[in-house]
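Trainee: Starting from the given sequences, assemble the full structure and let the hints guide the process.
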Amino acid sequence: MRSEHEIINETKFPKSRCTYAVTGFGILTPCGLGLDSILNAAADFDKGNGIERHKILNFNAGTLLSDRKVMKVVAHRDVLGLAAFETCLKNSGINKENIVPERTGMFVGAAPSSILDNVNYNEAVDTLDIENGIVDEERFGEVFASAAPTTLLNGLPNNVLCYGSKTIDARGPNSNYTAMETSSHLAVYGAVRSIKRGRNDCVIAGGYSSHLDQVFLGFLERRGLGPRMVQNSQAPGEDRDFNGTDPAEGSAFMAIESPEHAKKRGANVLCQLVDVQIGNNVCGPFDSEAIEKNTSIEVLSALIVSTLTRNNLSFDQLGLISLSSSGIESIDRLEQRAIVSLALGSKVDISEIPNISISRLMGNLMEASGIVEIALMHHCYQKGSVPVACLIPWPNSSSVDRQTIKSDRRYGLIVRTSMSGEHSCVLVDFNRG
Amino acid sequence: MSTTFEKIQEIVSEALYCDIEQVKRDANLMNDLGAESIDFLDIVFRLEKTFAIKLPKGDIETKARGDLAEGEFEVHGVLQEKGLARLKSMMPEVPEDRFKAGLKVKEIASLFTVATFERMVLERLNQATGVLQTPSSEAFTPATV
Amino acid sequence: MKNHLLTDRRRVVITGVGAVTPIGNSMAETWNGIIESRKNVRPISIFDASKFSCNFAYQVEDYQLELRQNVPTGQLPFMNRAARLGWNAADEALVQANIFKDSSINLSRMATCIGVGMGAADLNWYAKIYRQDKLDQDGDLQYYPKHFPSTLAPILSAKIGCTGGNFTVHTACASSGQAIGEAFEMIACGDADIILTGGADSMINAFQVAGFCLLGALSSRKSDPETASRPFDRDREGFVLGEGACMFIFEEYEHAVRRGAKILGEVCGYGVTESAYRITDLHPEGRGTIEAMQMALDDAGIESHQVGYINAHGTSTQLNDRIESLAISKVFPSSKGKTLVSSTKSMTGHLISAAGALEFGIALMSVKNQVVPPSVNLFNIDPNCNIELAPSTATDLTFDYAMSNSIGFGGSNTSVIVRRYIP
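Protein chains in written order, with the numbering used here: chain B, 1 to 433; chain R, 1 to 145; chain F, 1 to 423.
In short, the hints are calculated from the structure, not lab data.
These numbers were taken from a predicted model, which means no experiment stands behind them.
Misleading hints may appear alongside valid ones.
As the list claims (entries may be wrong) - With a straight-line cut-off of 20 angstroms between C-alpha atoms, the simulated SDA-like cross-links for lysine to any residue are: (1) R:Lys57 with B:Ser146; (2) R:Lys82 with R:Asp97; (3) R:Lys106 with R:Phe40; (4) B:Lys69 with R:Ser13; (5) B:Lys383 with B:Asp408; (6) B:Lys69 with R:Lys24; (7) F:Lys368 with F:Ile263; (8) F:Lys146 with B:Ser114; (9) F:Lys330 with F:Gln306; (10) R:Lys57 with F:Ser220; (11) R:Lys88 with R:Val78; (12) F:Lys101 with B:Ser114; (13) R:Lys106 with F:Pro284; (14) F:Lys338 with F:Gln370; (15) F:Lys51 with B:Arg139; (16) F:Lys51 with B:Glu123; (17) R:Lys54 with B:Ala145; (18) R:Lys82 with R:Glu72.
Claimed, not checked - Some chain B residues near chain R, calculated using beta-carbon distances under 8 angstroms: (19) Arg68; (20) Lys69; (21) Lys72; (22) Ala148; (23) Thr150; (24) Gly244.
Glycine residues also receive a C-beta, built at the ideal position from the N, C-alpha and C atoms.
Mentor: So this is what it looks like as structure tokens:
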């Protein structure tokens with residue numbers, strides 16, 4: 001077995017070549033539509049007021065979707081995804097007229113279909129006799145013969161890709177991934193790779209999630225992964241002793257363009273993606289105990305180091321860091337350990353770099369979280385500081401963690417680990433000068 | 001109590017997410033109301049459920065084909081003169097200029113107007129009840145609604 | 001369309017392949033089945049399908065579900081039918097490429113990229129969950145994600161010990177064509193050196209067969225299931241479900257040569273588009289499908305007439321075969337007599353999200369063995385399908401490039417080109 005040091009110091013990753021312009025966000029969370037709603041909620045939270053968590057209330061999809069007909073075919077999670085997608089279009093100014101259809105595409109981190117989403121299945125199963133746990137299959141066939149013809153489509157994991165692409169006539173390379181909390185970063189990775197390869201010059205990438213049904217929550221509970229769900233959906237405050245995550249529904253997309261494309265259409269560049277890398281642990285899916293015991297800190301550390309070094313950057317150029325901070329102790333500890341030890345090795349005082357997270361505020365946005373974090377960082381850079389509600393303390397931090405971003409540190413680093421075993425590492429340049 | 005046509009209007013507007021005012025008798029499903037293939041399946045499903053009737057797939061084609069000899073109805077999927085004439089007489093609600101030469105069997109759905117569904121539903125209901133109804137505004141409340 | 005693709009990419013070769021299909025328990029067996037025009041279609045025995053408008057499918061045999069290597073006990077309950085098939089196909093490919101024993105492989109530069117289906121819910125399990133009666137919570141609920149499509153890639157990565165990323169790609173029937181294309185792309189642009197890629201799927205369960213029946217997508221030729229899947233035939237009337245998996249080891253060329261791996265073929269072009277049209281309909285003029293094929297040709301840097309064989313998506317639905325033929329005839333205008341087309345779904349059924357992988361595997365075997373698979377169940381060629389269909393028996397042909405197409409619900413189109421490898 002090679003030492004951690006050896007692996008980390010290998011420069012085995014080819015160097016990234018260019019940056020990619022981020023020109024818009026579309027965000028829908030329990031706090032509301034748009035990033036401002038999150039910041040308002042954060043301010044409320046800081047004042048000690050309760051805020052909405054987990055569920056998106058008062059949401060009128062009809063006002064956000066240009067093609068309302070999709071609502072009869074797709075599931076609730078897809079509607080959330082499409083609403084954020086269309087919001088992203090408005091925010092970035094991307095429309096049918098200023099793109100080349102064959103060179104525009106969506107890259108999506110999709111939520112797997114929830115078994116309880118499909119009303120048609122449920123209605124059919126409701127009518128069946130179940131004896132000793134065995135369903136009368138013959139009867140099922142009879143009942144189902146008169147179910148709605150679009151029943152199957154409700155469960156398609158690429159509904160958002162399909163209808164979103166149709167909305168702006170995006171006919172270029174595209175993809176659709178599922179990888180729990182890292183899904184949207186996989187989408188960003190796919191987008192960047194495709195631009196780099198010369199296939200796309202404009203991409204809308206993001207993810208969406210709605211894992212609030214009792215089956216998924218029951219599963220998390222059985223696996224020791226969560227949930228610390230407070231049923232009345234008001235902010236529960238911090239329960240530091242609780243081990244487990246707290247799913248929230250949400251969706252987020254961002255517009256990524258080649259710098260030339262953004263310039264040509266006169267887009268407002270909000271920040272620039274420098275690099276995205278994907279890795280994984282070898283623990284198998286949904287095994288938090290294995291993550292605890294496993295040596296996967298090496299994998300994660302190597303991923304972070306190579307993301308920095310192949311872009312000729314060092315730790316002391318980071319102004320903000322965002323980790324999963326989802327409440328699953330094994331994952332949170334692993335990520336913090338990796339970062340803290342790398343900072344130590346680089347002789348950087350970690351408490352100088354605010355560690356921000358969205359999940360403390362509203363729960364774990366799962367497939368959508370990777371994009372919301374980039375948007376939150378963008379905002380923090382504009383203001384130069386981080387709302388307290390989004391600040392996660394570093395372990396054993398001697399002083400109060402810093403809330404303001406050091407002005408000479410223009411890069412933000414986002415690290416995520418999913419419960420199914422993927423790691424992602426995204427590096428963003430927030431220089432506005 | 002709503003008329004059969006009003007019911008159909010409601011169903012079509014729900015299935016296509018369009019305003020009920022748009023669902024006029026002469027509105028073409030595809031061209032005017034933007035229906036695609038799953039919408040046809042969906043509308044037929046809703047009609048069958050609402051009126052407790054069966055609208056078999058390809059019914060119009062089967063009936064139009066009738067006793068025509070092979071090659072008289074269609075050749076290589078393209079409707080022939082006799083086939084077109086049959087369809088035209090069976091679908092009086094569709095404007096004549098829509099039955100263009102070269103029309104394919106697969107394009108029959110593109111002829112459908114809201115009135116086509118109304119006619120089909122009424123035909124089925126008449127068969128079921130034996131009561132003659134015209135597609136005007138006679139009140140009818142289906143047994144299942 | 002102008003070719004914008006960067007040309008300074010790395011070469012990608014195939015050093016392992018494995019398949020578990022209704023006609024074979026390995027890629028070799030499956031290929032033999034293809035050239036012998038074998039079919040394994042029969043009444044569905046996995047559940048009671050007697051009341052369905054389609055009650056037959058291309059099923060694998062029970063022994064094909066027995067796992068070839070031990071899966072850790074904590075992961076085993078996450079494996080559904082598709083994952084088991086995928087695991088077995090992956091094992092064959094991994095062994096062939098000597099991944100387990102070759103210590104020279106840097107596992108941090110190896111990834112998995114798998115095309116998967118919608119996930120499959122067993123009716124009894126679902127009913128229990130939904131009704132919440134008699135739910136053995138530890139047994140059932142603890143492994144709920146068994147019904148997610150995304151558990152296979154992490155399980156395979158854990159088995160191999162590779163850490164370069166688990167990619168689970170889902171674009172319906174184009175899933176594994178897309179997974180393969182992305183694996184190619186990742187190696188080509190330097191993000192990985194070696195990738196286990198492919199697809200696994202089984203939708204032969206009560207919910208999903210019911211769902212397809214409701215859409216009217218399946219053939220209801222109950223009187224003669226053997227001839228129900230008849231791509232490009234005049235009287236086709238829907239597809240027939242199949243199940244199975246096909247996996248590959250893709251590797252950077254120098255990497256493969258350096259470690260002495262046997263090279264089976266070269267992946268040389270990938271095209272991917274969205275039709276941006278409708279969820280279940282193809283664009284009437286083949287938009288999207290045309291551009292995907294053209295993009296793959298541009299990527300490979302070849303002219304259309306250089307492609308000797310196209311394994312079409314050819315599902316045996318009226319719409320797909322007609323539109324795909326139209327698209328092929330537009331991209332291959334001067335290829336009459338030069339490029340043969342067939343769809344092997346008449347022999348394997350439609351493996352849905354694993355179809356792209358299996359058919360790419362068949363394209364690979366075709367160009368490697370210089371044999372074009374036969375057109376089976378083609379009784380009367382649909383005059384609307386104006387393409388050069390392969391003869392009814394396997395045919396010898398000298399050619400260098402084969403293409404595999406996939407077209408999915410939701411408008412995804414992929415084309416991948418494999419090149420004959422001559423050492």
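Trainee: For every hint, state whether the structure bears it out.
Mentor: Here is what the structure says about each hint:
1. R:Lys57 with B:Ser146: Measuring from Cα to Cα gives roughly 14 angstroms; hence the hint holds.
2. R:Lys82 with R:Asp97: holds, 16 angstroms
3. R:Lys106 with R:Phe40: Given pair Lys106 of chain R, Phe40 of chain R holds - Cα atoms ~13 angstroms apart, limit 20 angstroms.
4. B:Lys69 with R:Ser13: holds, 10 angstroms
5. B:Lys383 with B:Asp408: holds, 14 angstroms
6. B:Lys69 with R:Lys24: holds, 19 angstroms
7. F:Lys368 with F:Ile263: holds, 10 angstroms
8. F:Lys146 with B:Ser114: holds, 12 angstroms
9. F:Lys330 with F:Gln306: At roughly 15 angstroms apart (the allowed maximum being 20 angstroms), Gln306 of chain F and Lys330 of chain F satisfy the hint.
10. R:Lys57 with F:Ser220: holds, 13 angstroms
11. R:Lys88 with R:Val78: holds, 15 angstroms
12. F:Lys101 with B:Ser114: Status violated; Cα separation ~40 angstroms.
13. R:Lys106 with F:Pro284: Since the Cα atoms of Lys106 of chain R and Pro284 of chain F sit roughly 12 angstroms apart, the hinted pair holds (cutoff 20 angstroms).
14. F:Lys338 with F:Gln370: This hinted pair holds, its Cα atoms lying about 14 angstroms apart.
15. F:Lys51 with B:Arg139: holds, 8 angstroms
16. F:Lys51 with B:Glu123: With Cα atoms ~18 angstroms apart, Lys51 of chain F and Glu123 of chain B stay inside 20 angstroms; holds.
17. R:Lys54 with B:Ala145: Holds. Lys54 of chain R to Ala145 of chain B sits at ~13 angstroms (cutoff 20 angstroms).
18. R:Lys82 with R:Glu72: holds, 6 angstroms
19. Arg68: For Arg68 of chain B, the interface hint holds, since the closest Cβ of chain R sits about 4 angstroms away, which is under 8 angstroms.
20. Lys69: Since the shortest Cβ distance to chain R is 4 angstroms, the answer is holds.
21. Lys72: holds, 7 angstroms
22. Ala148: holds, 6 angstroms
23. Thr150: holds, 6 angstroms
24. Gly244: violated, 40 angstroms
Hint compliance for this structure: hints 12, 24 are broken, all remaining hints hold.
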